[in-house]
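A.B. asks: This is what each chain is made of:
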Amino acid sequence: MSLAEQGAEMARRSILQTLRQPAMVIPPIAFPLVLMAVNVGGLQSATRLPGFPTDNYLNFAIAFPFIQGALFASINAGSSLARDVETGFMRRLALTPMQRAALLMGNLAGVMTVALCSSVIYLVVGFAAGLRFEAGVGGVLVLLALGLLIALAFASLGALIGLRTGSGEAVQGVFPVFFVLVFLSSNALPRELIEQDWFRAIATVNPVSYLFEGLRSLVIFGWDGEALALGFGVALAIALPAVLGASAALNTRLVRT
Amino acid sequence: MRRFADVARGVAWRSIHRFVTKPQFLLPSLIFPLFFFVAFAGGLSNVSNVPGFDFPSGYTAFQFVFVLLQASAFGGVFTGFSIAADFESGFARRMMLAAPNRLGILAGYAIAALTRAGIVGGLLFAVALATGMRVHGDGVDLFGLVVLALLVNVTATMWAAGVAMRLRTIQAGPAMQMPVFVILFLAPVYVPLDLLSGWIEAVARVNPYTALVEGGRELISGGAVRVWLVYGVAVALLAGFAVWGVRGLRRAESAG
Numbered sequence: 001m002s003l004a005e006q007g008a009e010m011a012r013r014s015i016l017q018t019l020r021q022p023a024m025v026i027p028p029i030a031f032p033l034v035l036m037a038v039n040v041g042g043l044q045s046a047t048r049l050p051g052f053p054t055d056n057y058l059n060f061a062i063a064f065p066f067i068q069g070a071l072f073a074s075i076n077a078g079s080s081l082a083r084d085v086e087t088g089f090m091r092r093l094a095l096t097p098m099q100r101a102a103l104l105m106g107n108l109a110g111v112m113t114v115a116l117c118s119s120v121i122y123l124v125v126g127f128a129a130g131l132r133f134e135a136g137v138g139g140v141l142v143l144l145a146l147g148l149l150i151a152l153a154f155a156s157l158g159a160l161i162g163l164r165t166g167s168g169e170a171v172q173g174v175f176p177v178f179f180v181l182v183f184l185s186s187n188a189l190p191r192e193l194i195e196q197d198w199f200r201a202i203a204t205v206n207p208v209s210y211l212f213e214g215l216r217s218l219v220i221f222g223w224d225g226e227a228l229a230l231g232f233g234v235a236l237a238i239a240l241p242a243v244l245g246a247s248a249a250l251n252t253r254l255v256r257t
Numbered sequence: 001m002r003r004f005a006d007v008a009r010g011v012a013w014r015s016i017h018r019f020v021t022k023p024q025f026l027l028p029s030l031i032f033p034l035f036f037f038v039a040f041a042g043g044l045s046n047v048s049n050v051p052g053f054d055f056p057s058g059y060t061a062f063q064f065v066f067v068l069l070q071a072s073a074f075g076g077v078f079t080g081f082s083i084a085a086d087f088e089s090g091f092a093r094r095m096m097l098a099a100p101n102r103l104g105i106l107a108g109y110a111i112a113a114l115t116r117a118g119i120v121g122g123l124l125f126a127v128a129l130a131t132g133m134r135v136h137g138d139g140v141d142l143f144g145l146v147v148l149a150l151l152v153n154v155t156a157t158m159w160a161a162g163v164a165m166r167l168r169t170i171q172a173g174p175a176m177q178m179p180v181f182v183i184l185f186l187a188p189v190y191v192p193l194d195l196l197s198g199w200i201e202a203v204a205r206v207n208p209y210t211a212l213v214e215g216g217r218e219l220i221s222g223g224a225v226r227v228w229l230v231y232g233v234a235v236a237l238l239a240g241f242a243v244w245g246v247r248g249l250r251r252a253e254s255a256g
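Heads up: the sequence lines are chains A and B, in that order. The numbering used here puts the first sequence at residues 1 to 257. The numbering used here puts the second sequence at residues 1 to 256.
Just so you know, the hints here were simulated from the structure itself, not pulled from any lab data. Careful, some of the hints might be misleading.
[Claimed, not checked] Computed Cβ-Cβ distance ranges for the label pairs, DEER-style:
no., chain 1, residue 1, chain 2, residue 2, range
1, B, 254, A, 47, 49 to 57 Å
2, B, 27, A, 4, 25 to 33 Å
3, A, 49, B, 182, 43 to 51 Å
4, A, 50, B, 208, 30 to 38 Å
5, A, 237, B, 224, 47 to 55 Å
6, A, 49, B, 131, 50 to 58 Å
7, B, 54, A, 86, 52 to 60 Å
8, B, 27, A, 251, 28 to 36 Å
9, B, 13, A, 170, 28 to 36 Å
10, A, 113, B, 103, 46 to 54 Å
11, B, 143, A, 116, 50 to 58 Å
12, B, 31, A, 49, 46 to 54 Å
13, A, 251, B, 131, 41 to 49 Å
14, A, 138, B, 55, 42 to 50 Å
[Said to hold, decoys possible] Some chain A residues flagged as far from chain B (calculated, every beta-carbon gap over 12 Å):
no., residue
15, 13
16, 15
17, 35
18, 48
19, 54
20, 109
21, 123
22, 139
23, 186
24, 249
25, 252
All C-beta atoms, glycine included, are put in the ideal place defined by N, C-alpha and C.
Please put together the full structure from these sequences, using the hints given.
C.D. replies: The structure is reproduced here in structure tokens:
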């Protein structure tokens, strides 16, 4: 079997594993949408603040489910790899001629498939609720691409932690850290409208702010090169080392003795 | 009565001991409310400049009340997690065999939840005051706010205990947590009720938790509190969920 075939087989396994566990499918879709609905309802009046860039908070908040969905992708990727370590599947795999890269590629492809389906659902719900996209159809595609890259970045981080620790509990334990990063960013108000200096300073150095700003720039401003470059740049800067780190951890984990 | 008190004391001591001696239980309970307080009060303070937002004690106090009540509610839910874990490990079944009065078990968990809420609430108060929260209510108002938070805590404990004792597995965690989360966030979280619009305003107006949040905010700002409405709703919710919790205990008993 070629690397691609092996990867496809592992991706099929990963997707089936995910689909068979409602707890891995429903929360990444439902939870971000519920939070978005609550925030849109509760913070609509914030659009009356001078300088707020849109008159509909939904246009601002649509980035939130993409980032939160990416956090769930990190947990799903990390947990399933940690489970493979815990159950001994990884050791048995080491005895086969399978290429290591296929396992990681397959796992991430499975998680990304779920992330893509979730992203489409977020957008469909958004459009049904009155979302207006300044960047047009092309912008929707770029938003999906950026959303998937962000999901890949977080999923790779989850995979790295899952492979390094071999513990599902450790992966779950990292979730609050990611959650803190999301809330200490410009997720709820534009950075320039954050009144507290210390909070604005944290949001400015927090890379997650630039992911939010890249995603919503397409919705609110149209084609904003700087926001998009920062969004894609930060996502890549997280994804590349995370994928490389996860590959190295996998090699260590599957060493044949 | 003595047997009831003995069982309640034993269960409460064990739960409190576990909570304060195990960092994996203690730290999230302390850190998450503080984090929500920082994120809401710090990140969203500009929302108080929205035309029509009128809260004399400022946005920090406005959010403090929500976070205090939220932490109290989640303290109860986390106690439900402990109950479910005790059933899953078989400890709860042995405890039910040994207890001469099983209502004492439920009371013991409730006392543990109250202690937990007291520790977390105390820390929240200290941090909020240290970061400059303005309190316009007097001592009686603050006492009323503390009582309100404790009523919310016991109500959430009874809800979560009812679920935990019916399902008897830690996998029931989302079933305990999600409804509480949804009810909390369908109240006026970020702005007063009058500034909400659309579907969330309609839902918040019929959400009983809205009366508690708004009442708590009136207490901290020294405003006119509709005492009968606020505490009437709180006590009615507690009574309803106490029945739910006791019936859950009976279901666990009959399940063997």
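A.B. asks: Decide, hint by hint, whether the structure agrees.
C.D. replies: Structure-based check of all given hints:
no., hint, in the structure
1, B/254 with A/47: 49 to 57 Å, "holds (54 Å)"
2, B/27 with A/4: 25 to 33 Å, "violated (45 Å)"
3, A/49 with B/182: 43 to 51 Å, "violated (27 Å)"
4, A/50 with B/208: 30 to 38 Å, "holds (36 Å)"
5, A/237 with B/224: 47 to 55 Å, "holds (54 Å)"
6, A/49 with B/131: 50 to 58 Å, "violated (23 Å)"
7, B/54 with A/86: 52 to 60 Å, "holds (55 Å)"
8, B/27 with A/251: 28 to 36 Å, "holds (34 Å)"
9, B/13 with A/170: 28 to 36 Å, "holds (31 Å)"
10, A/113 with B/103: 46 to 54 Å, "holds (50 Å)"
11, B/143 with A/116: 50 to 58 Å, "holds (54 Å)"
12, B/31 with A/49: 46 to 54 Å, "violated (30 Å)"
13, A/251 with B/131: 41 to 49 Å, "holds (47 Å)"
14, A/138 with B/55: 42 to 50 Å, "holds (44 Å)"
15, 13, "holds (23 Å)"
16, 15, "holds (23 Å)"
17, 35, "violated (8 Å)"
18, 48, "violated (5 Å)"
19, 54, "holds (15 Å)"
20, 109, "holds (27 Å)"
21, 123, "holds (20 Å)"
22, 139, "holds (26 Å)"
23, 186, "violated (8 Å)"
24, 249, "holds (24 Å)"
25, 252, "holds (27 Å)"
Checked against the numbered hints listed earlier, the structure breaks hints 2, 3, 6, 12, 17, 18 and 23; every other hint is satisfied.
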